[in-house]
Amino acid sequence: MISKTVAHLEEAVAGIEDGATVLVGGFGLAGHPIALIDALLQQGASDLTIVSNNAGNGDTGLAALLKAGRVRKVICSFPRQVDSWVFDGLYRAGEIELEIVPQGNLAERIRAAGSGIGAFYTPTGVGTLIAEGKETRTIQGRDYILEYPLGADYALVSAWKADRWGNLVYRKTGRNFGPIMAAAARTTIVQVDEVVDLGTLDPETVVTPGIFVDRVVAIGERAWLQDGAFVGSESAS
Amino acid sequence: MISKTVAHLEEAVAGIEDGATVLVGGFGLAGHPIALIDALLQQGASDLTIVSNNAGNGDTGLAALLKAGRVRKVICSFPRQVDSWVFDGLYRAGEIELEIVPQGNLAERIRAAGSGIGAFYTPTGVGTLIAEGKETRTIQGRDYILEYPLGADYALVSAWKADRWGNLVYRKTGRNFGPIMAAAARTTIVQVDEVVDLGTLDPETVVTPGIFVDRVVAIGERAWLQDGAFVGSESAS
Amino acid sequence: MTGALDRRALAARIAHDITEGSIVNLGIGAPTLIADQLPAGLEIILHTENGMLGMGPAPEPGRIDPDLINAGKQPVTELVGASYFHHADSFGMMRGGHLDICVLGAFQVSEHGDLANWHTGAPDAIPAVGGAMDLAIGAKNVWVMTDLLTRDGQSKLVAECTYPLTGTRCVSRVYTDRAVFDIVPGGFAVTEMFGSTTLDELRSLTGLELA
Amino acid sequence: MTGALDRRALAARIAHDITEGSIVNLGIGAPTLIADQLPAGLEIILHTENGMLGMGPAPEPGRIDPDLINAGKQPVTELVGASYFHHADSFGMMRGGHLDICVLGAFQVSEHGDLANWHTGAPDAIPAVGGAMDLAIGAKNVWVMTDLLTRDGQSKLVAECTYPLTGTRCVSRVYTDRAVFDIVPGGFAVTEMFGSTTLDELRSLTGLELA
Numbered sequence: 062m063i064s065k066t067v068a069h070l071e072e073a074v075a076g077i078e079d080g081a082t083v084l085v086g087g088f089g090l091a092g093h094p095i096a097l098i099d100a101l102l103q104q105g106a107s108d109l110t111i112v113s114n115n116a117g118n119g120d121t122g123l124a125a126l127l128k129a130g131r132v133r134k135v136i137c138s139f140p141r142q143v144d145s146w147v148f149d150g151l152y153r154a155g156e157i158e159l160e161i162v163p164q165g166n167l168a169e170r171i172r173a174a175g176s177g178i179g180a181f182y183t184p185t186g187v188g189t190l191i192a193e194g195k196e197t198r199t200i201q202g203r204d205y206i207l208e209y210p211l212g213a214d215y216a217l218v219s220a221w222k223a224d225r226w227g228n229l230v231y232r233k234t235g236r237n238f239g240p241i242m243a244a245a246a247r248t249t250i251v252q253v254d255e256v257v258d259l260g261t262l263d264p265e266t267v268v269t270p271g272i273f274v275d276r277v278v279a280i281g282e283r284a285w286l287q288d289g290a291f292v293g294s295e296s297a298s
Numbered sequence: 062m063i064s065k066t067v068a069h070l071e072e073a074v075a076g077i078e079d080g081a082t083v084l085v086g087g088f089g090l091a092g093h094p095i096a097l098i099d100a101l102l103q104q105g106a107s108d109l110t111i112v113s114n115n116a117g118n119g120d121t122g123l124a125a126l127l128k129a130g131r132v133r134k135v136i137c138s139f140p141r142q143v144d145s146w147v148f149d150g151l152y153r154a155g156e157i158e159l160e161i162v163p164q165g166n167l168a169e170r171i172r173a174a175g176s177g178i179g180a181f182y183t184p185t186g187v188g189t190l191i192a193e194g195k196e197t198r199t200i201q202g203r204d205y206i207l208e209y210p211l212g213a214d215y216a217l218v219s220a221w222k223a224d225r226w227g228n229l230v231y232r233k234t235g236r237n238f239g240p241i242m243a244a245a246a247r248t249t250i251v252q253v254d255e256v257v258d259l260g261t262l263d264p265e266t267v268v269t270p271g272i273f274v275d276r277v278v279a280i281g282e283r284a285w286l287q288d289g290a291f292v293g294s295e296s297a298s
Numbered sequence: 004m005t006g007a008l009d010r011r012a013l014a015a016r017i018a019h020d021i022t023e024g025s026i027v028n029l030g031i032g033a034p035t036l037i038a039d040q041l042p043a044g045l046e047i048i049l050h051t052e053n054g055m056l057g058m059g060p061a062p063e064p065g066r067i068d069p070d071l072i073n074a075g076k077q078p079v080t081e082l083v084g085a086s087y088f089h090h091a092d093s094f095g096m097m098r099g100g101h102l103d104i105c106v107l108g109a110f111q112v113s114e115h116g117d118l119a120n121w122h123t124g125a126p127d128a129i130p131a132v133g134g135a136m137d138l139a140i141g142a143k144n145v146w147v148m149t150d151l152l153t154r155d156g157q158s159k160l161v162a163e164c165t166y167p168l169t170g171t172r173c174v175s176r177v178y179t180d181r182a183v184f185d186i187v188p189g190g191f192a193v194t195e196m197f198g199s200t201t202l203d204e205l206r207s208l209t210g211l212e213l214a
Numbered sequence: 004m005t006g007a008l009d010r011r012a013l014a015a016r017i018a019h020d021i022t023e024g025s026i027v028n029l030g031i032g033a034p035t036l037i038a039d040q041l042p043a044g045l046e047i048i049l050h051t052e053n054g055m056l057g058m059g060p061a062p063e064p065g066r067i068d069p070d071l072i073n074a075g076k077q078p079v080t081e082l083v084g085a086s087y088f089h090h091a092d093s094f095g096m097m098r099g100g101h102l103d104i105c106v107l108g109a110f111q112v113s114e115h116g117d118l119a120n121w122h123t124g125a126p127d128a129i130p131a132v133g134g135a136m137d138l139a140i141g142a143k144n145v146w147v148m149t150d151l152l153t154r155d156g157q158s159k160l161v162a163e164c165t166y167p168l169t170g171t172r173c174v175s176r177v178y179t180d181r182a183v184f185d186i187v188p189g190g191f192a193v194t195e196m197f198g199s200t201t202l203d204e205l206r207s208l209t210g211l212e213l214a
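Protein chains in written order, with our numbering: chain A, 62 to 298; chain B, 62 to 298; chain C, 4 to 214; chain D, 4 to 214.
Keep in mind the hints are simulated off the structure, nothing from the lab.
Please note that the accuracy of each hint is not assured.
[Unchecked claim] Just a sample of chain A residues kept apart from chain D, beta carbon distances all over 10 Å, derived:
1. Ile63
2. Gly130
3. Ser176
4. Ile178
5. Leu190
6. Leu262
7. Pro270
[Said to hold, decoys possible] The following label-pair restraints were derived from C-beta to C-beta distances:
8. C:Gly59 x B:Arg203: 29 to 35 Å
9. C:Gly59 x B:Asp120: 35 to 41 Å
10. D:Arg66 x B:Asp79: 56 to 62 Å
[Unchecked claim] Sample of chain A residues lacking proximity to chain D, with all beta carbon distances greater than 10 Å (derived):
11. Arg172
12. Asp224
13. Asn228
14. Leu286
15. Phe291
All C-beta atoms, glycine included, are put in the ideal place defined by N, C-alpha and C.
Isolated chain A, as found in the complex:
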């Protein structure tokens, strides 16, 4: 019997090595795998390269990992936010490396890694600082730059529900980078509210097929839901 379910967060993040590259899902805190990152913080891996849209919000999740000094480099589109004080401090102190990738190129590079594309020509960033040092080409009268896949050793993804084959569904804009990151890592680790019985997820509506998922851990229902129904929250985080 296939079962990708693991019982504890500790087991979910076991084996992540010092120096690993880790894709971290989420756009802001929506879809951000906070429980997995907390577990990674406990686990102790350091010298990490993190690929994520942002570089941490507030003091939780990725921000906490950065604060603990575990991250050597961040590859992201948008580190500077109203609540990115942890990253800002490290960056200004010269204690962390930063590679900025426009958000669409970031998403497409991750998709390319998951789908075996060797490189692709994108119009995004042409004529900007982002294009410096990159190969450019004019195709059918339009200018493009060449971008390469961005895969990783691990992906940490937050979804809504899973089954034991690792099929996943997400919730609203929490989907964001989850599906493409799940496909782009050697080992994909997913936190979900609940692992449901095989056959519960409608095959037509599975967003991430289990082929892309290695480990699933259930962490209990998110605070703004009750038995799967939305009950609301007072704040966004």
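Place chains B, C and D on chain A using the hints.
Here is chains B, C and D on its own, set in the frame of chain A:
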């Protein structure tokens, strides 16, 4: 009020010009937009270039369009089948052009057209006849060939249900090329069993967002369903 | 600044130019004000690049859904007819030219339509581009919403941008508090002036030949 | 051909090497026979490139669903745990190296692992490649299921393919009716022989140095 619904098949295919390039969905007959093709046959456009996985099955759908002499060229992955006698005859008589594209490159070229990618490096076809005349490159020790987007003037797609914004859901392996073709044409025309009220389709499970759809026509429920439930069929077509 | 439009009025002015059925991305910052000014009763579909079409207004108090945010990471709602998709698909929509309009803020816009809105170029600034470069090259119509002048009186409309670019030759129209400018082969063309603003005044403020 | 396996027995032999949890694509033609030989009680997930994981066997009479077919366009069923996706995603799975095993038919396999299975090269043949090239380069393990000899007695195992290639250096193992061959740096290595087959006999039939 936005409404992409048109009342008749005739209206759905209006304006398709002689010489147009048309993406035609379906893998075999699953997801093949037979009603739209029949309407196109009535409409009369000729000298068409058709992009589709196959080159017609039996005597219906694309095969009927070919038989009527409306198609100048077919771009596909797999023309030769047990029931592709119409294409076979035309090809052997030198009356139709053929461009063979491996199925995954075909899908990815269509996706590239819809998503603004200028070109991409694919490992599929390296070292084969398919690679002849194409640019090749070694990236991280692996060989690739460069492939270009394959968009079109029109896409003819068969989905299951739509709403008036053009949001679509498909049914089982009938999904196949529909979502990527819908995104890759200037004008996307869709046949569905039924146009449902806006809000009926769950936003989490819409497969093709309406942004990609221009015209929708309802043709009634497929023969093997009854009120949306599967009742079965004696044969595959 | 006699007759200059305030931000809400400018947002309403832009909203006036958005026709029914348009698919629109309102970026982050000031352009998001446009959402509340869209004509009631018209169906205009808002795209947010973090994976949604059919975005609705901010939720009622206590009804915030942390899984449902916009590109500015503010809580939003879902309209009837909405759909969700992942980031590669969302940016494919932009890059593939499927959005009708996006409205962005700007540090500078050049008379060629070059846009600078992501980086001041200051050596101690932390760069952050987000989806701006993708929006700039992606939408069929890229509009800018901005004050004509910076806080210290410099024109944001320039002959050539001095800040790092977001995209080249991508902006087609600039809505400012003083006037609306179309970008045409010769440079900026004034199509509308607000309040008592005159063409001479705009020429003086921008230092540009304006048509 | 004493001791040669028939197709069903060969399919069973291949099925024996597929471990629980594997994600497998069985191509079209003879390899599809493997599906019925998979060990009962083990969960092995079948991929069909027209957009499905968790493919089940042929339906009961009268229960054919024309929307549910495999890559050979035959009616199939859906197992509990299945999922559907579009063609770009399906071929991304292959090309991205996510399939554990695919089993393909062959016209020829070279001792470098080159595969020819799509085109005889005959001038009047209608070429049709389908998904074969994508499968050949995509799966982690590409196995071939074939008779050792063509109908007119030519070896399908060759030093160099003479038919147009499907993929280069992609096949890792060849299951034939007479023996199983692994492709190793020096060429074909016989790992198992069926019935009374001997290594000398295989060398004679193929004309190859076999390890």
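Quick rundown of the hints versus the structure:
no. : hint                           : verdict
1   : Ile63                          : violated, 5 Å
2   : Gly130                         : holds, 34 Å
3   : Ser176                         : violated, 3 Å
4   : Ile178                         : violated, 7 Å
5   : Leu190                         : holds, 30 Å
6   : Leu262                         : violated, 8 Å
7   : Pro270                         : violated, 4 Å
8   : C:Gly59 x B:Arg203: 29 to 35 Å : violated, 46 Å
9   : C:Gly59 x B:Asp120: 35 to 41 Å : violated, 49 Å
10  : D:Arg66 x B:Asp79: 56 to 62 Å  : violated, 44 Å
11  : Arg172                         : violated, 8 Å
12  : Asp224                         : violated, 6 Å
13  : Asn228                         : violated, 6 Å
14  : Leu286                         : holds, 23 Å
15  : Phe291                         : holds, 25 Å
In the structure shown, a violation is registered for the earlier hints numbered 1, 3, 4, 6, 7, 8, 9, 10, 11, 12 and 13, in ascending order.
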